[in-house]
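Enquirer: What follows is the residue order along each chain.
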Amino acid sequence: MPDFDADDNKLTLKVVFYGPALSGKTTNLMQLHSLLNPQRKGELMVLETRDDRTLFFDMLPIGLRGDSGLDLRLKLYTVPGQVQHDSTRKAVLSRADGVVFVADSQLSQQDNNATAFGNLEENLEKVGLDIDTLPMVVQFNKRDIPGVADEQDLQTRWASTPWAPLIMASALQGKGVIDTFKLLLDRLYTIINGEYHLERQHGINRQTFIEGLSASHGERYAHL
Amino acid sequence: MRTFEDDPALEDLLSPEQKERLDRLLSDLCTEPVRLSAQRSEGSVPVEFNLETIGWLTGGSREERQAAANLIGFIMMFVAKYRLAANLHHDTTEASYAELQRQNEALKASEARYRELSEQLQDKVDEQVRVIQKSQQELYESARLRSVGQLAAGVAHEINNPIGFISSNLRVARDYLEDLREMVPASPTNQELLDDFEDLLTESMDGTTRVAGIVSDLKTFSSIDQADYSICNINELLQSAVHLVQTEYHHNLKITERLDELPPVTGHPSRLSQTFFNLLDNAAQALRDSDRDPANGRILVQSRIDGARIQVIIQDNGCGIAEADQARIFDAFFTTRPVGSGTGLGLTVARDTVRAHQGNLEIESRPGTGTRVTLTLPMHGGQEP
Ligand SMILES: Nc1nc2c(ncn2[C@@H]2O[C@H](COP(=O)(O)OP(=O)(O)OP(=O)(O)O)[C@@H](O)[C@H]2O)c(=O)[nH]1
Ligand SMILES: [Mg+2]
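One line per chain: the protein sequences are G and D, in this order. Numbered per the numbering used here, the first sequence spans residues 432 to 655. Numbered per the numbering used here, the second sequence spans residues -11 to 373.
Take the hints with a grain of salt, since some may be wrong.
Some but not every residue of chain G turned toward chain D, in silico, with C-beta under 7 Å [to be verified]: (1) 471; (2) 473; (3) 474; (4) 476; (5) 478; (6) 487; (7) 494; (8) 497; (9) 518; (10) 519; (11) 522.
If you're looking for bench data, these hints aren't it; they were derived computationally from the structure. No residue lacks a Cβ here, since even glycine has one placed at the ideal position from N, Cα and C.
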């Protein structure tokens, strides 16, 4: 649920990186933090990890100003993927406006992907969100590892779902991370613009929304 | 509603004491004291943390002010991290607790439902047992009544005819005796013979009258013709029950009848007769079981009107009912008498019959002194023909 504060003309959106343990959610967020160069970017808050495993969540706030003075904020969260942290996962997931599902491409992890996806469906229902209308992108990470699940197979398998096409990524190498995020922003814009008239009332069209929030240092430099 | 992820305000991050301490520590680093405040004021610079302005800083030199604001923003990140984690922990703990409570409630509700169900089950079983007991009793009683009734009807039918012609023959014979007196020569011997003959005939006629009475009582008692509810004369039913009990006890009982005039009552004559008979039979047995001299045993049968109700009282000065047994006297098959002398159904059947007539049966008894049974029947419907 977007959080709109009319007094401050501030709209806060929440995107949650979900997925099985060790699939690379935190790595995705760390890469976004270093690669992105949006209008406004806060600090990456990594909350208490043990052996690099997320215990609570990670959070990165980024922002954009509209012509109307709209203060648009996007808070990017990761959940802890380990099974035992389900109540934390549920609390972080609640009121999400968009989800990035980070799957692990390694063949040995396919069961875990399925379990985590089932857990996502279950928790979305518990927090009152509809998986069919929620903007969501599915990323298959760790493509750099040899012998991972075949991309063509994966794309075919997901072709008939609302989440096709899948994004292939290697978060460790910073590949596919921004593509994933851009696709999510694209899907998110459709829903949010419908509800808050971003384009009509605040002068934020799809392109401004996506590029304003996902501009990377590379692109910035390219403009120069 | 605040959730863990809401942007924290200054007072969420620092207590007033902590804020003052921070002011002092920063002031030590500056040429002029600096002050952090939630409100903006003249010349203040914003303190930003994660895209959010959480406060305003005044004092110090221009450079010092900005440097201090940056430092506070950096420190706030660690404070906020802790707050966020603590809030999240609080939220999830509360959610888990609420969920636990909800489950507990659900568990309690289902437990209550099962308990209720099991109680209902017990009630249903009890009720079913009562129904079975009652129909068993009724079956037993009606079979008994029917066989007694059939026997009585048969006996009445078989005896009625011969008694009829015996008594009319006896009357004719007495007429013939008058004729004989005129025909036979008058001698003292003849006279004596004829007188004796007349006495024999008179005695026989008394006997047949008595036999006819018993037959009629049997007919009333069994009420063969009245299987269902009909108009009954309570006093008549009482009297035939008294006669039958007397017959059973060889006319040795001292029964006093004090019967007031009563309106006719709608009822089941044979069941009422059976009830009266059972009560009288109980009274007679109580006299026999008493330590008292049998010559002093008395049964009092009373009927009277009590407001809109009819009361029948059967009282004896027999052995009474032991206190320990009084609570059980209505139990089906309960009997204090030796095995074989009765089924014990007497009082249960009596109470059921009276209840079926919307009446009431009360028993007062004192061991060694006697028993008084008061039977109350409503008069309604009794006025109709
Ligand atoms: N080879 C390879 N390793 C990766 C990639 N992405 C992440 N990893 C590694 O996988 C491990 C787990 O990554 P994280 O980002 O901490 O995983 P997570 O999904 O946040 O895990 P949890 O917090 O436990 O849910 C780390 O050692 C990463 O370096 C990738 O694209 N390729
Ligand atoms: Mg993590």
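Enquirer: Have a go at the residue 476 of chain G hint: is there a Cβ in chain D nearer than 7 Å to its own Cβ?
Expert: With a minimum Cβ separation of about 6 Å from chain D (threshold 7 Å), the hint on residue 476 of chain G holds.
Enquirer: Holds or violated: is there a CB of chain D closer than 7 Å to the CB of residue 471 of chain G?
Expert: holds (5 Å)
Enquirer: Should the interface hint for residue 497 of chain G be scored as holding, given a Cβ-Cβ cut-off of 7 Å against chain D?
Expert: Violated: closest Cβ of chain D sits about 15 Å from residue 497 of chain G, beyond 7 Å.
Enquirer: Is the shortest C-beta separation between residue 473 of chain G and chain D less than 7 Å?
Expert: holds (4 Å)
Enquirer: For the hint on residue 487 of chain G, does the least C-beta distance to chain D fall short of 7 Å?
Expert: At 5 Å from the nearest chain D Cβ, residue 487 of chain G passes the 7 Å test, so the hint holds.
Enquirer: Can you verify the interface hint for residue 494 of chain G: is its Cβ closer than 7 Å to any Cβ in chain D?
Expert: holds (5 Å)
Enquirer: Hint validation: residue 478 of chain G versus chain D, beta carbon distance must be below 7 Å. Holds or violated?
Expert: Since the shortest Cβ distance to chain D is 5 Å, the answer is holds.
Enquirer: Does the closest beta carbon of chain D sit nearer than 7 Å to the beta carbon of residue 474 of chain G?
Expert: holds (5 Å)
Enquirer: Have a go at the residue 518 of chain G hint: is there a Cβ in chain D nearer than 7 Å to its own Cβ?
Expert: Cβ of residue 518 of chain G sits 4 Å from chain D, so the hint holds.
Enquirer: Once the shortest beta carbon distance from residue 522 of chain G to chain D is found, is it less than 7 Å?
Expert: holds (5 Å)
Enquirer: Tell me if residue 519 of chain G is really an interface residue toward chain D, meaning its C-beta lies closer than 7 Å to one of theirs.
Expert: holds (6 Å)
Violated hint: 8 only; the structure is consistent with all others.
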